[in-house]
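**Q** Protein chains in written order, with the working numbering: chain X, 9 to 117; chain H, 791 to 1206.
Among the clues, some could well be false.
Only pairs whose alpha carbons sit at most 16 angstroms apart, straight line, appear in this in silico EDC-like list of lysine to aspartate or glutamate [unchecked claim]:
#	chain 1	residue 1	chain 2	residue 2
1	H	Lys-1196	X	Asp-31
2	H	Lys-1196	X	Glu-98
3	H	Lys-1196	X	Glu-30
4	H	Lys-1171	X	Glu-72
5	H	Lys-1196	X	Glu-39
6	H	Lys-1175	X	Glu-72
7	H	Lys-1171	X	Glu-30
8	H	Lys-1196	X	Glu-37
9	H	Lys-1196	X	Glu-27
10	X	Lys-88	X	Glu-39
11	X	Lys-88	X	Asp-49
If you are wondering where the hints come from, they were derived from the structure by calculation, not from laboratory data.
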Amino acid sequence: MTQNITSDKHWIDVAASEELEEDDAIKVEAEGKAIAIFLVDNMYYAIDDGCTHEYASLSEGYLEDTVIECPLHQGAFCIKTGKALHAPAEHPVGTYEVEVKEGRIYIRL
Amino acid sequence: MDFKHYVIIGAGQAGCNAAKALRLGDPDSAITLIGEESHNPYERPHLSKGILSGTVQKEQLLVVNPDYFKDNRIQFRRSSSVESIDPRARKVSLANGEQFSYSRLLLTTGSRARQLRIPGGNLAGVHYLRTLDQAQALHDHLATASHLVIVGAGFIGLEVASIAKEYKNCTVTVVETGDTVLQRGVPVEMREQIHQLHQSHGVNFRFGKSVVSFLGDGHVAKVECQDGVTLVADCVVVGIGVEPRTELARDAGLAVQNGIVVNQYCETSTADIYAAGDVTSHWNVQLDRFIRLESWQTAQMQSVCAAQNMIGAPTSYDQIPWFWTDQYGVNIQLVGVIESGQKVVRRSYGNNHFIYFYFTEDKLCGAFGFNAGKYIRATQKLLEKGISPDPDFLANPENDLRRLVKSGSKTNSKVE
Chain X
9 MTQNITSDKH
19 WIDVAASEEL
29 EEDDAIKVEA
39 EGKAIAIFLV
49 DNMYYAIDDG
59 CTHEYASLSE
69 GYLEDTVIEC
79 PLHQGAFCIK
89 TGKALHAPAE
99 HPVGTYEVEV
109 KEGRIYIRL
Chain H
791 MDFKHYVIIG
801 AGQAGCNAAK
811 ALRLGDPDSA
821 ITLIGEESHN
831 PYERPHLSKG
841 ILSGTVQKEQ
851 LLVVNPDYFK
861 DNRIQFRRSS
871 SVESIDPRAR
881 KVSLANGEQF
891 SYSRLLLTTG
901 SRARQLRIPG
911 GNLAGVHYLR
921 TLDQAQALHD
931 HLATASHLVI
941 VGAGFIGLEV
951 ASIAKEYKNC
961 TVTVVETGDT
971 VLQRGVPVEM
981 REQIHQLHQS
991 HGVNFRFGKS
1001 VVSFLGDGHV
1011 AKVECQDGVT
1021 LVADCVVVGI
1031 GVEPRTELAR
1041 DAGLAVQNGI
1051 VVNQYCETST
1061 ADIYAAGDVT
1071 SHWNVQLDRF
1081 IRLESWQTAQ
1091 MQSVCAAQNM
1101 IGAPTSYDQI
1111 PWFWTDQYGV
1121 NIQLVGVIES
1131 GQKVVRRSYG
1141 NNHFIYFYFT
1151 EDKLCGAFGF
1161 NAGKYIRATQ
1171 KLLEKGISPD
1181 PDFLANPEND
1191 LRRLVKSGSK
1201 TNSKVE
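Given only the sequences and the hints, what does the whole structure look like? Please build it.
**A** As structure tokens, this is what we get:
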């Protein structure tokens, strides 16, 4: 997959990898979608940035291991699967493949 | 006999969540959920926010989807009021004469809006805000209202003021007997910040004044204050607090003091009767005292805790109190218990983006923030773990609170 990054039109360059620190999140825009990218234990994860409970930016939330909690009402999601883990969130968020190559972060839409 | 019949009185967020947790933990039991309202169980936070603004539909408030009760063999009795509980016979009697025998009973009867009993209190256009029907009626009325008067500067009144200013085209005046907003349970800095937020949006306040009557011919037209001032009003909202619905419990002989008294296991003073949510005055292990909290958190979490105890898995309710309100697009959160006069430090990220930390005798006890949910959550975890950082450390926005949470160990565990 990695070797196709530059040729596959579905991979989108969204940020420099140095913008994202370990155990943290950034919000990026790709084709009009707001996406949160996380780096936990050297693994990258990407999910929809908008909480499914009410609009809030998950990249602004509280990250613990691979669980992100919405900053508004503490609804929680798994950043690996997008699954809603804790009320008031009930519906999952979308997940995206992430690759890092030559200092750039790519996600597949 | 292992077969159990769990009966739950009160079908709000707490009652419905308890039913869910009981079903999960005890798949073979019988469960009956009894509620007075005709609606399926719903969450109330949006009644004073998204339902009023029209940005949230009532279907979005439902605790479970409409098929849930049938699919999970839960007997849901809507539009039903309970007449009495007989703890000796273990029976619940409905107003229509029907009776249910229980093996364990849960009371999640919640609160009711405190009524303002003054002349004109029954005029059309005088609203209370506790139920979905009331919220929808107020939403409809606000669409055409020109002059809104709100009695009481508590959270309900302020959230209504915020919606009216943001989404509706009317003047807003808040009349409050106290000398500022939010007289109960929040620190002075939070009052000041929220007061300023409302002033900057053009809300008029009349502090230190009480309302003595509503005037009008069938429909409210004026609000008369005790200082003789009369306010023009075609829409009035009374938000002067709630009262726990303890009558059934009291009549059944349960201990009641500022709510139904329960221990950390949600047990009332009577065997096999439990209580959860707004209605409880509960022992909080973290705080080492009884507390009654009217909040989403109590409805959500304590009900599940009660269900676990009813099933036979002893679980202590020890959540650090946490609360949110949304006003003018600002998410405001409060965590912990903050008494007046405590030491405070501010951590600021800019306009409407800050957090205040509070200390009792140099020990972190709580915080509130504007648009700072991430830091409030970190504070909640610090409190849970009994970690009390240096105030100067907390005040510096560069310092990482999550790292502190991870590095700390639980130091304030108590031996039961």
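**Q** For every hint, state whether the structure bears it out.
**A** Structure-based check of all given hints:
For the hint linking Lys-1196 of chain H to Asp-31 of chain X, the alpha-carbon distance of about 12 angstroms falls within 16 angstroms, and the restraint holds. Among the hinted pairs, Lys-1196 of chain H with Glu-98 of chain X is inconsistent with the structure: their alpha-carbon atoms are about 27 angstroms apart, more than 16 angstroms. Distance hint between Lys-1196 of chain H and Glu-30 of chain X is fulfilled; the C-alpha atoms sit about 14 angstroms from each other, no more than 16 angstroms. A hinted pair counts as satisfied when its Cα atoms are at most 16 angstroms apart, and Lys-1171 of chain H with Glu-72 of chain X qualifies at roughly 11 angstroms.
Taking the CA atoms of Lys-1196 of chain H and Glu-39 of chain X, the gap is near 36 angstroms; set against the 16 angstroms cutoff, the hint is violated. Annotation: proposed proximity of Lys-1175 of chain H to Glu-72 of chain X holds, straight-line Cα distance about 15 angstroms (limit 16 angstroms). Taken as a hint, the Lys-1171 of chain H and Glu-30 of chain X pair is broken in the structure, with Cα atoms around 20 angstroms apart against an allowance of 16 angstroms. Restraint check for Lys-1196 of chain H and Glu-37 of chain X: not satisfied, since their Cα atoms lie roughly 30 angstroms apart, outside the 16 angstroms limit.
A threshold of 16 angstroms between alpha carbons decides the hint, and for Lys-1196 of chain H with Glu-27 of chain X the separation of about 23 angstroms lies outside it, so the pair is violated. This hinted pair does not check out: Lys-88 of chain X and Glu-39 of chain X have alpha carbons roughly 22 angstroms apart, beyond 16 angstroms. Between Lys-88 of chain X and Asp-49 of chain X the CA atoms are separated by roughly 12 angstroms; this keeps the pair inside 16 angstroms, and the hint holds.
The structure does not agree with the numbered hints 2, 5, 7, 8, 9, 10 stated previously, though it agrees with the rest.
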